[in-house]
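Please work from the sequences and hints to get the whole structure.
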Amino acid sequence: NAGVTQTPKFRILKIGQSMTLQCTQDMNHNYMYWYRQDPGMGLKLIYYSVGAGITDKGEVPNGYNVSRSTTEDFPLRLELAAPSQTSVYFCASSYSEGTDTQYFGPGTRLTVL
Amino acid sequence: GENVEQHPSTLSVQEGDSAVIKCTYSDSASNYFPWYKQELGKGPQLIIDIRSNVGEKKDQRIAVTLNKTAKHFSLHITETQPEDSAVYFCAGRRRNFNKFYFGSGTKLNVKP
Numbered sequence: 742n743a744g745v746t747q748t749p750k751f752r753i754l755k756i757g758q759s760m761t762l763q764c765t766q767d768m769n770h771n772y773m774y775w776y777r778q779d780p781g782m783g784l785k786l787i788y789y790s791v792g793a794g795i796t797d798k799g800e801v802p803n804g805y806n807v808s809r810s811t812t813e814d815f816p817l818r819l820e821l822a823a824p825s826q827t828s829v830y831f832c833a834s835s836y837s838e839g840t841d842t843q844y845f846g847p848g849t850r851l852t853v854l
Numbered sequence: 020g021e022n023v024e025q026h027p028s029t030l031s032v033q034e035g036d037s038a039v040i041k042c043t044y045s046d047s048a049s050n051y052f053p054w055y056k057q058e059l060g061k062g063p064q065l066i067i068d069i070r071s072n073v074g075e076k077k078d079q080r081i082a083v084t085l086n087k088t089a090k091h092f093s094l095h096i097t098e099t100q101p102e103d104s105a106v107y108f109c110a111g112r113r114r115n116f117n118k119f120y121f122g123s124g125t126k127l128n129v130k131p
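Residue numbers (the working numbering), protein chains in the order written: chain A, 742 to 854; chain B, 20 to 131.
To be clear, the hints were calculated from the coordinates, so they are not data collected in a lab.
Computed from a prediction, not measured in an experiment: that's the story for all the values here.
Heads up, some of the hints might be wrong.
Stated by the list, open to error - Under the rule of at most 30 Å between Cα atoms (straight-line distance), these lysine-lysine pairs were calculated in the DSS-like manner:
{"#": "1", "chain 1": "B", "residue 1": "77", "chain 2": "A", "residue 2": "785"}
{"#": "2", "chain 1": "A", "residue 1": "785", "chain 2": "B", "residue 2": "41"}
{"#": "3", "chain 1": "B", "residue 1": "76", "chain 2": "A", "residue 2": "785"}
{"#": "4", "chain 1": "A", "residue 1": "750", "chain 2": "B", "residue 2": "118"}
{"#": "5", "chain 1": "A", "residue 1": "798", "chain 2": "B", "residue 2": "77"}
{"#": "6", "chain 1": "A", "residue 1": "785", "chain 2": "B", "residue 2": "87"}
{"#": "7", "chain 1": "B", "residue 1": "118", "chain 2": "B", "residue 2": "90"}
{"#": "8", "chain 1": "B", "residue 1": "130", "chain 2": "A", "residue 2": "798"}
{"#": "9", "chain 1": "B", "residue 1": "126", "chain 2": "B", "residue 2": "87"}
{"#": "10", "chain 1": "A", "residue 1": "750", "chain 2": "B", "residue 2": "56"}
{"#": "11", "chain 1": "A", "residue 1": "798", "chain 2": "B", "residue 2": "118"}
{"#": "12", "chain 1": "A", "residue 1": "785", "chain 2": "B", "residue 2": "90"}
{"#": "13", "chain 1": "B", "residue 1": "130", "chain 2": "B", "residue 2": "61"}
{"#": "14", "chain 1": "A", "residue 1": "750", "chain 2": "B", "residue 2": "61"}
{"#": "15", "chain 1": "B", "residue 1": "61", "chain 2": "A", "residue 2": "798"}
{"#": "16", "chain 1": "B", "residue 1": "61", "chain 2": "A", "residue 2": "755"}
Here you go:
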């Protein structure tokens with residue numbers, strides 16, 4: 742199993758540009774999450790999904806959108822990039838609420854200039 | 020929502036010494052507390068967790084203790100080794116909720 746994979750690893754955007762961060766897991770996990778990690782800070786939940794077709798907001802959803810059309814994929818969309826979105830983004834997955842272990846991807850480092 | 024505070028933000032120990040990292044939480048309904056280790060350039064990895072129905076859990080050199088009354092839990096690493104150097108995060112999750120709340124992290128440096 743590859744686990745949780747994320748692409749790209751690095752990206753530089755100009756203010757106002759859009760992009761999609763990709764996340765895929767091959768563990769047949771129902772739950773998937775998007776976090777952002779700012780320097781010296783913990784992870785903040787952006788969005789999460791409990792299954793295909795179901796998504797919900799986390800702590801910091803503004804400026805982002807998600808979709809979950811398949812069990813495997815959970816892309817994160819930035820529509821109008823702002824400098825405040827400069828961060829490292831992590832995708833994670835877990836099998837179900839009863840199995841709490843979250844498996845994290847390697848992260849995407851995004852810089853908005 | 021839940022608020023998880025973590026201390027210290029940095030910790031430097033000599034190889035072979037013990038390291039202790041502490042977290043407090045605000046939501047008394049939280050019932051699951053994982054600890055993650057994050058190495059440079061990688062995603063966090065679960066190293067140990069504890070549920071609210073136990074007070075202590077051990078896994079080789081790593082242990083976690085939970086005090087529900089005081090609403091705090093701690094990570095203990097004994098006989099530290101240079102490869103323990105990393106950033107450690109605590110987190111809390113409320114029963115029947117899908118959201119984890121993370122502490123701000125502790126950068127542990129183990130000096131050879």
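Going through the hints against the structure:
Our distance criterion of 30 Å between C-alpha atoms is met by residue 77(B) and residue 785(A), whose separation comes to about 28 Å. A C-alpha spacing of about 19 Å is found between residue 785(A) and residue 41(B), which places the hinted pair at or below 30 Å, so the restraint holds. Of the supplied pair hints, the one linking residue 76(B) and residue 785(A) holds, its CA atoms being roughly 26 Å apart against a limit of 30 Å. With a C-alpha separation of about 25 Å, the suggested pair residue 750(A) and residue 118(B) falls inside the 30 Å cut-off, and the hint holds.
Between residue 798(A) and residue 77(B) the CA atoms are separated by roughly 34 Å; this puts the pair beyond 30 Å, and the hint is violated. Among the hinted pairs, residue 785(A) with residue 87(B) is consistent with the structure: their alpha-carbon atoms are about 24 Å apart, no more than 30 Å. Distance restraint check for residue 118(B) and residue 90(B): the Cα-Cα separation of roughly 18 Å lies within the 30 Å cut-off, and the hinted pair is therefore satisfied. For the given pair, residue 130(B) sits about 41 Å from residue 798(A) by alpha-carbon distance, which is inconsistent with the 30 Å threshold.
Distance check on the hinted pair: residue 126(B) and residue 87(B) sit about 25 Å apart at the alpha-carbon level, within 30 Å; holds. Restraint check for residue 750(A) and residue 56(B): satisfied, since their Cα atoms lie roughly 20 Å apart, inside the 30 Å limit. The suggested pairing of residue 798(A) with residue 118(B) holds, with an alpha-carbon distance near 10 Å, which does not exceed 30 Å. With a C-alpha separation of about 21 Å, the suggested pairing of residue 785(A) with residue 90(B) holds against the 30 Å cut-off.
At most 30 Å may separate the alpha-carbon atoms for a hinted pair to count; residue 130(B) and residue 61(B) meet this at roughly 21 Å. With a CA separation close to 11 Å, the supplied pair residue 750(A) and residue 61(B) stays within the 30 Å bound. Distance restraint check for residue 61(B) and residue 798(A): the Cα-Cα separation of roughly 25 Å lies within the 30 Å cut-off, and the hinted pair is therefore satisfied. Our distance criterion of 30 Å between C-alpha atoms is met by residue 61(B) and residue 755(A), whose separation comes to about 25 Å.
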